[in-house]
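Engineer: Sequence lines, in order, name chains D and C. Residues in the first sequence are numbered consecutively from 1, following our numbering. Residues in the second sequence are numbered consecutively from 1001, following our numbering.
Warning: the hint list may mix true and false statements.
As the list claims (entries may be wrong) - Output of the computed footprint for chain C on chain D, the stretches with three or more beta carbons under 8 Å from beta carbons of chain C: (1) 68-82; (2) 118-126.
As the list claims (entries may be wrong) - On the chain C side, residues computed to face chain D include the following (Cβ under 8 Å): (3) G1003; (4) A1007; (5) A1015; (6) A1105; (7) E1109; (8) V1110; (9) L1112; (10) Q1114; (11) P1115; (12) V1116; (13) S1117; (14) D1264; (15) A1268.
What the hints assert, rightly or not - Far from chain C, by Cβ distances over 12 Å, these chain D residues were calculated: (16) D140; (17) D145; (18) N161; (19) P194; (20) R202; (21) L275; (22) G282; (23) A302; (24) V310.
Just so you know, the hints here were simulated from the structure itself, not pulled from any lab data. Even for Gly, the Cβ is constructed at its ideal location relative to N, Cα and C.
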Amino acid sequence: MGHMAGELATAISTAAVTNATPTAGIPTAAVPEAIVAVEGLVKDYGSTHAVRGISFAVRRNEILGFLGPNGAGKTTTIRCLLDLLRPTAGRVEVFGLDARRDGVAIRARLTYLPGELRLPERQSAAELVAGLGRLRGGFDPVRRDELAARLELDLSRPMRNLSSGNRRKVALLLAFLWPVELLVLDEPTSGLDPLMQHEFLRLVREARARGATVLLSSHVLSEVQRAADRVVVLRSGLVVADGTVDELRRRVSQRVEVWFAGPSPAAALDAVPGLADRESEGRRFTATLTGPIGPLLRALAAHEVESMLVEEPDLEEAVLGLYEEAAS
Amino acid sequence: MSGRGLALVLDPMRATRRGAIAWSLSIGALVVVTVAFWPAFEGTTNLGDLIDQLPPGIVEAFGLQGFGTPAGYLRGNLYDVLVPLLLGWASISFANGLTAAEEDAGRLEVILAQPVSRGAAFAGRALAVLAWTVLLTASVAAFQVASDIPIGLEIATDRLLVTVVLCGLLGALHGGLALAVAGILPRPPVVLGIGLGVLIGGFVVAALFPLSDQLRPWAGLSPWDWALGSDPLLNGAEPWRFAALGLPAAGLAIAGLVAFARRDVRAA
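Build the full structure now, drawing on both the sequences and the hints.
Structural biologist: Right, dumping it as structure tokens:
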């Protein structure tokens, strides 16, 4: 693995969860088995700063969710990985190779599903597969037919006669046709019906099971929540979070409701860190909790608790919270 | 050339074959119809008298001198304006369609995400432009020679071929210019505008500047003058004319390639 991957630090394991403010450059340390390593990436379009010095890594055989609202810089970053864009500053390595200098070797080992899908109108999917096969040194026709059947895709119809959902299926077929080491998927399920979204998740898991790494860019939080091991969240060209889905969830406030056998001991809970919006009414105490729940449980242990409800925060809430933090 | 290299040339050609066939049939039809009217024109003296009354500069500018001879008839009707203009227009269209228009539409990104270099992808398309321009030029020559046989124009085949080849090279030069612009800026209207603007501007310079004593020395700046200044249908052409058109065409295409390899690829 390249030098930069070695330099890229435990940012990945620490930065997001411990650092609530947007980071222009995450402190780095070694990321073992990094397939993609981005450090200090900056991309400007004239006076517009699309990406403002981001660092992150994608580890071998993980599914990394790349989240962010429109214009956050996700696609710009991905296009830098593929050498479609030239960074203003910073470094991008894939498989330990320089994205610009070794672009051909890198792209031989990955497939890319673009977010904005533009396919040749007159060609059929079969012709497109054959054409790209000629550039990639062939393809497995059995695998092509198997994928077409799973995606319920007619390969003989010209692209101009396909709906947007079916065009997306063509792109999915192209992404999963070759047994590559890395799949770069930008908004892969846009326009797909729920059944096909489910099939897509199965394909992603199968790819991971055979050893592939997946960079899954999406703003569909539920999709990322179901598929990803880890999440990098972008906002306005900055990484605002980087960690596991569980770690992200823990960043967001959880609603806590406690019923006591006697009157609510509100004063005794004042010292519990992370509690806010406290309300006591008779035997009932409610609040929101940010951070670990241990101190609250220890405080409650001194009292007779009849029941307790802690609502599970979801990723959507966590990410929306991050967007708002970054915006403010 | 490797299978991948061949695919980078042949796949773009396959994608544009309908357009190429349409261009070939259109220019071929123009050639055949023009030649077919020669017997009727030959027997008419009215037009010749009319041309004789025009100012010599106008006659020269529009290639009307010797209009009553087979060579003058072909030159005035086909090879002074229409055929070189159409071949240039076709070459510019191929260049624009295979590079700037594809990139602007986001379709080039699908190719560039494969294990091919930017330079190879652009070179493949430049070679496809060249191949179509050559094939289109060859089809014009074939239509011309074939239609001459039944009509009996009796123009020396070697001079006819030299003229058609020079027209093809003039087209290739403008195709190369379009590739250079597309390599720098993938905006189809800009590529077409500059390509066609230079093509038409070059004709104006070559045709009209000789009418003015002050502008006449500058007529030699026009690629049209390099291609057709010797009146190749009557006199043939010196070797430098082929090089003067072919070398800049290649240079411009290479400049486009270098520029394309260095810049961002436009997103859809």
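Engineer: Now tell me, hint by hint, if it's right for this structure.
Structural biologist: Each hint, compared with the structure:
no.: 1; hint: 68-82; in the structure: holds (count 3)
no.: 2; hint: 118-126; in the structure: holds (count 5)
no.: 3; hint: G1003; in the structure: holds, 6 Å
no.: 4; hint: A1007; in the structure: holds, 4 Å
no.: 5; hint: A1015; in the structure: holds, 6 Å
no.: 6; hint: A1105; in the structure: holds, 5 Å
no.: 7; hint: E1109; in the structure: holds, 6 Å
no.: 8; hint: V1110; in the structure: holds, 7 Å
no.: 9; hint: L1112; in the structure: holds, 6 Å
no.: 10; hint: Q1114; in the structure: holds, 4 Å
no.: 11; hint: P1115; in the structure: holds, 4 Å
no.: 12; hint: V1116; in the structure: holds, 6 Å
no.: 13; hint: S1117; in the structure: holds, 5 Å
no.: 14; hint: D1264; in the structure: holds, 5 Å
no.: 15; hint: A1268; in the structure: holds, 4 Å
no.: 16; hint: D140; in the structure: holds, 16 Å
no.: 17; hint: D145; in the structure: holds, 21 Å
no.: 18; hint: N161; in the structure: holds, 17 Å
no.: 19; hint: P194; in the structure: holds, 26 Å
no.: 20; hint: R202; in the structure: holds, 24 Å
no.: 21; hint: L275; in the structure: holds, 47 Å
no.: 22; hint: G282; in the structure: holds, 60 Å
no.: 23; hint: A302; in the structure: holds, 60 Å
no.: 24; hint: V310; in the structure: holds, 44 Å
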